[in-house]
Amino acid sequence: MLSRVADAIYWLNRYIERAENVARFVDVNITLTLDLPVATQAQSQGSPLVLELQWEPLVLVTGDLNLFHQRYGTATSQQVIEFLTFDRDYPNSILSCLCAARENARSIREILSTEVWQEVNSFYHLVQEAAGRPQDLDLNHFFLQVKRASHTFAGVMDATMTRGEAWHFGQMGRFLERADKTSRILDVKYFILLPSVQFVGTALDEVQWMALLKSASAYEMYRKQGGHRITPQGVAKFLVLSREFPRSIHFCLTQVEESLRRITGTPAGDWRWPVERTIGRLRSDLDYQIIDDLIQAGLHEYIDGLQRNLNAFDQEVFKTFFSLQSVA
Amino acid sequence: MKLADYDPGDFYDELFAGPGQPRPGADLLVRRIDSFPPGELTRRQQAAQAALMQLGVTFNVYGDSQGAERVWPFDILPRIVTAQEWERLERGLKQRIHVLNLFLSDIYGEQKILKDGVIPREVITSAKGFLQPCVGLQPPHGIWCHITGTDLVRDRQGDWFVLEDNLRVPSGVSYVLENRRVMKSTFPQVFQMLPIQPVDDYPSHLLETLLHLVPSYLSDPTVVVLTPGVYNSAYFEHTFLAQQMGVELVEGRDLTVADGYLQMRTTRGLKRVDVIYRRLDDDFVDPLVFRPDSLLGVPGLMEVYRPGRVALANALGTGVADDKVVYAYVPRMVRYYLGEDPIIPNVPTYLCWEEQDRRYVLEHLDQLVVKAANESGGYGMLMGQTATPTERADFAQRIEANPRNYIAQPTLALSRVPTIIGEGFEGRHVDLRPYVLYGKEIYVHPGGLTRVALKKGSLVVNSSQGGGSKDTWVLTQ
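Chains A and B, in that order, give the protein sequences.
For the first sequence, the working numbering gives the first residue as 118, with consecutive numbering after it.
For the second sequence, the working numbering gives the first residue as 1276, with consecutive numbering after it.
Because the hints were derived from the structure by calculation, they are not lab data.
Any given hint could turn out to be false.
What the simulated footprint calls covered on chain B by chain A, stretch by stretch (three residues with Cβ under 8 Å from a Cβ of chain A suffice, anywhere in the stretch; the number is not a length) [unchecked claim]:
hint, region
1, 1434–1447
2, 1505–1514
3, 1522–1534
Every residue gets a Cβ at the ideal spot worked out from N, C-alpha and C, and that includes glycine.
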């Protein structure tokens, strides 16, 4: 298929997935702040400290904290929500993601099934329409709609697209984005929350960890996997190593590698392109990993390395498939 | 208000012969609509518009800072063309396309028509669309204009005229197909009862037309649609046609000339392209030969096009016949090449570069429509009747400064079709653009795009100037 088209369907899926993730963790955070007695107290005393504690990590997850500070200064709920949902100048806001997703979809309409195009189109109109009236918007309902639209998009892709190259480039984009977001959520929460000694083991602590699971849509599935208590270690294990949970890093990388192999035709256990080697090493490392070792060696360091590798992978995908140089 | 009470006024109306008198074929529709409970028609109109929005059937407006796409206003009252009328139009269009094609072959070949003095040589050499690099070109099967969208209009008496030929890259056919899709869910019962010719097979005919350009020894040819990109006003249509034909939609940057062939960049390396349905103007196709500033085309394309290593539809150079001065000579071409009279006449046209015509035009500016010879889309036009004295004076100056570039035509009282305006029905002026394909033979697609000027009294139907569209029903009996 055309390199430009492969590029566009890859990014279409990444942007939709990104929008969903942003919606999910903003939503969880709103709900969470409502539950915090500490926050209520601090708020009534006029202290910004706890509020900041709640909202700044959200921006940290996106990796764009510096940009946020430049544009908005300190993090208040309202500003963070505006930044992450409707800021047209912030390229990773939900609105910007949908504009970019639709622009990509528009440039490859003939590749997409009509149903997929319609879904992207109405998703875009949904967000555009909401962005036009932020004052009287029911945020909770809006984020629900965004998540649902993203799921519908994935479902319609699944139900109407042939499993050709286009599909696999799309899958690669979606799961790469998802692995990246899950790792960021885990990283930020783990290292923002854990060192705050005064919270460890308290009811608040448990609420926070539940929130972390919920922002990865993982809470119910975590509970179901065998009655585990919610512990930092258990959460990390679930989000990094689960072989079955569709948002865990291991699961996502396995999907990315699978789609890549379908595209290149290289058999498992072998590699021809550097891009295959990068993902193969990342995934196989997780195959044999245990969470105790990861935590001992430093989960933050691991995630840092993972993100560097995911970026390298993205660059290699670009070089291998999207940027064919003219030989004329 | 009942549609049956509609008054066509002092115009030819496509649905009504007189007040309360639907034409044959229209009576069934009128009865159906009048049987709706109050509000139902409005509801269906809104549903149709919403469906088009959902389908993403939009166009881009140039010069709109929002860069926004809009849904083209669609009116659910159709235009109906009877079988007899259509039979004549079909013959007329075939005749005209045949002749224009002979003309293009001639003009880029032996130029007999110039040597015989039927058309003055300077008309051709001064036409912006006449491309010197195309002289001597021999496109496959001698076909130049594979896809045409001829603009037809009717006057107060109901007589048909050709207004423009549109031999370059006519657009709009996607609306014909999408409008029909929406109409079938708007008036399902009427479709069951009226013998309306289907339009859905256009993409198949188009693909056949394009495949006809492939040399027979190529067993697995690659056909592509070349678009200027997402910001083009007709981008929706480009994607639509590529999708319906199941071929790749490419941009100039996807293509390159390598190893003596045109190739596209794919995830598995370069792949040869055999036929391009190009939706890019001649000027932009190859920056090495035409506009050097074009980023939309493919450098070196002409060099592989000329020896026939890739085919283009339409062929390069067809724009010469879109020049409105050349248009004025089409009836003479018909007589010259075929020895026949034109079945569908031209709109009478005054050529400003001829002394006598120019004087007449300048004296009657308030009654005429003046058009620049090389513009389209409703740009560069003066509607004399409604223009202000300043605008007329401005055009008079332009005509004097460059008479070759202007023609004038009488203001036609275009035919009308009842249109939903607010809660009632009012007549609005329309034109008709049928699409003609030239492959193995000439095929006229049954229907075409009916464009409607939604502003009261307006005669300008272009989408960029407040026009909308309607479905066109061609009856089989």
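Tested hints:
no.	hint	verdict
1	1434–1447	violated (count 0)
2	1505–1514	holds (count 4)
3	1522–1534	holds (count 10)
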